[in-house]
Amino acid sequence: MMVTESASILSSFEAFHSLYPDGSAHISALSKEALEALERLPIPGRKTEAWKYTPLSVITSKQWKPAVTGARADMAAMGLLDIPSYKMVLIDGHFRPELSSQDLPAGLLLMPISEGKDKEKAFFETHFGKKADHKNELFVALNTRYASNGIYLRVKKNEKLEKPVHVIHLYTQAGTAVMTRNLIIMEEGSQAHVMHSFSHSAEPIHSNVITEIDVADNAHLRLDKFQSGNAGSSHYSSEEVFQGRDAVYKENTITLSGAWTRNDPHVRLKGINSICYLNGSYFPHEKELVDNHSIIDHLVPQCESHELYKGVVYDQSKAVFNGKVFVRPDAQKTNAYQQNANIVMSDKASMNSKPELEIYADDVKCSHGSTTGQLDKDALFYLKCRGLNHDLAKQMLVHAFVGEVIDRLEIPALREYVWSQITE
Amino acid sequence: MIDIKNLHASVEGNEILKGINLKINAGEVHAIMGPNGSGKSTLASVLAGREDYEISEGSVDFLGKNLLEMDPDVRAKEGLFLAFQYPVEIPGVSNVNFLKLALNEIRAYKGQEPLSAKEFLGRLKEKSALVELDGRLKDRSVNEGFSGGEKKRNDIFQMAMLSPRFAIMDETDSGLDIDALRIVANGVNSMRNKDRAFLIITHYQRLLDHITPDYVHVLSEGRIVKTGGPELALELEEKGYDWIKEAAL
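Going down the list, the protein sequences come from chains A and B. Heads up: the first sequence is residues -1 to 422, going by the numbering used here. Heads up: the second sequence is residues 1001 to 1249, going by the numbering used here.
It is worth saying that the hints were derived from the structure and are not from the lab. The C-beta atom is built at its ideal place from N, Cα and C for all residues, glycine as well. No false leads were slipped in.
Mimicking DSBU-like on lysine-lysine, the simulated pairs with C-alpha atoms at most 30 Å apart in a straight line are:
1. A/Lys375 <-> B/Lys1151
2. A/Lys375 <-> B/Lys1005
3. B/Lys1005 <-> B/Lys1226
FRET-style restraints, in silico, Cβ to Cβ:
4. B/Arg1182 <-> A/Gln330: 53 to 61 Å
5. B/Gln1112 <-> A/Val66: 53 to 61 Å
6. A/Lys45 <-> B/Lys1018: 54 to 62 Å
7. B/Ala1129 <-> A/Gln100: 56 to 64 Å
Looking at chain A on its own, in the form it has when it is part of the complex (with noise of 0.2 Å):
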């Protein structure tokens, strides 16, 4: 069959309207050139290198709708609620007040960004579509265009959290695509730990979720996401930072299940002796695919960068990892590490790894590795002997390979968490 990459997305959005139709002139200009790109940019399909397997037919096949505001969903089959925390509640992308804190610190600006536009204009429009490319990016372009909302959150200068940021998105209307957009500004000096946790609950659904976030100078972001979905589920996730001098930036990306999730995290260390730390957990099953690409780009000298990403693939499913790392002629003194390890735990499951650097400045210390291997069954037989039966000694292993990542979430209950997820 041919499969021509001309078509447009739009056909899969027809019932959709842009964002805020009555908004601001910065965000009417973002709107219409991300109209723009929607009719111009092609859909990617398999000879295009950062989608070459990760087929986009899951959401260009359907025909999506909006979904309605007012629905009810079980807010108690989300984990992670016993966590103190200041909650946002999202469902199906609509903004949920009563759900959501009301009390909240002085330095903390949190709010939907429906609100945020206008009660905090001067920061949202020095932001807002300055990160993510609407212009060039396929899912950014839909996202820019058709968000029905998602959250603000400013960080006052000096200003440490208390508690994390939860924001809970859950996903519950068959039929629908949902675009959620939300702003992350941390200022100078600034510390906060935001939680993004998703639970798709019909199917099919689709959801596009893209964070812009300024880390300015010395301040620290910590960034944890959950994924959770169903056989029908398809989730886009992306951030784009930009980091300031001495600015800190960590993201655990902790995927449990869903038919299709793929997280674009574009870090640019644009500040000199800034840190980011990108660490993923994978763990598909069935006919689930996960797709992480992360961008790291050294734009001046003397930044590091981290990143370790582990999944374990099961069944028939698929994993990608791709993870680049640009080191710019200027970002000299650079330290990258990336690491990617896989447990491919059947004969028809599969996992493409690929590591790629750049580098254009000649005083760097930059490393990668990729490995992807099976169970060691000289391990699985030690540990059966001692009277742990094949499952209970599978799990073990499994543990212990990917503990390495979890432990990286900081709040024990996290990690206690996760672990309750992935126990079968």
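Position chain B against the provided structure of chain A, taking the given hints into account.
Showing chain B alone in chain A's frame:
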């Protein structure tokens, strides 16, 4: 305790065990000696349940049950223990957590309650002191970063914790220095009693200076070709294995 009859086993079409007959009673310590390639380690692996081997003939009765039908973990739960020739390193699996889980799995199989944290720690302290590993186990992964001798001592420690009915020592002495050998032997000797049996597989007579066996068997070409008392080990040490091979022909 264990009754092995006419056991034949092969790997990838090569027959390695060619009819082993061996009966071990409770309270006895048997040693199996033999040259490299005689099938010693294959016998240990087959008894523990490693999957790489095909059993073409024979039977193994263990405490009245058919051992060969059991999964390796069931063999452990029924009271069989294998001390490995090469204990594996398992990064990320905590020594202590693993052993606690194993111990409680075995207890659950026997219908016993899990040990309380206090009981477990008490036993841990006592048994790790036995092999002079106290303080080396906590917060460590199984065998990770251990020297060869420490790995073997860890296996003996696990044996002491799990308290099996029948323990197979697969060349536990190979590569050990004199001190480690003494520690391992003390561990085994302290566990000898009338209800427990041992099968000690070794290439050298050295270990048998410290653990006096009741019987010594010589394995050659996949068969037990000679059986005697402890004096047979000394004879082998003196004369080597060649005379056995010739005698067997």
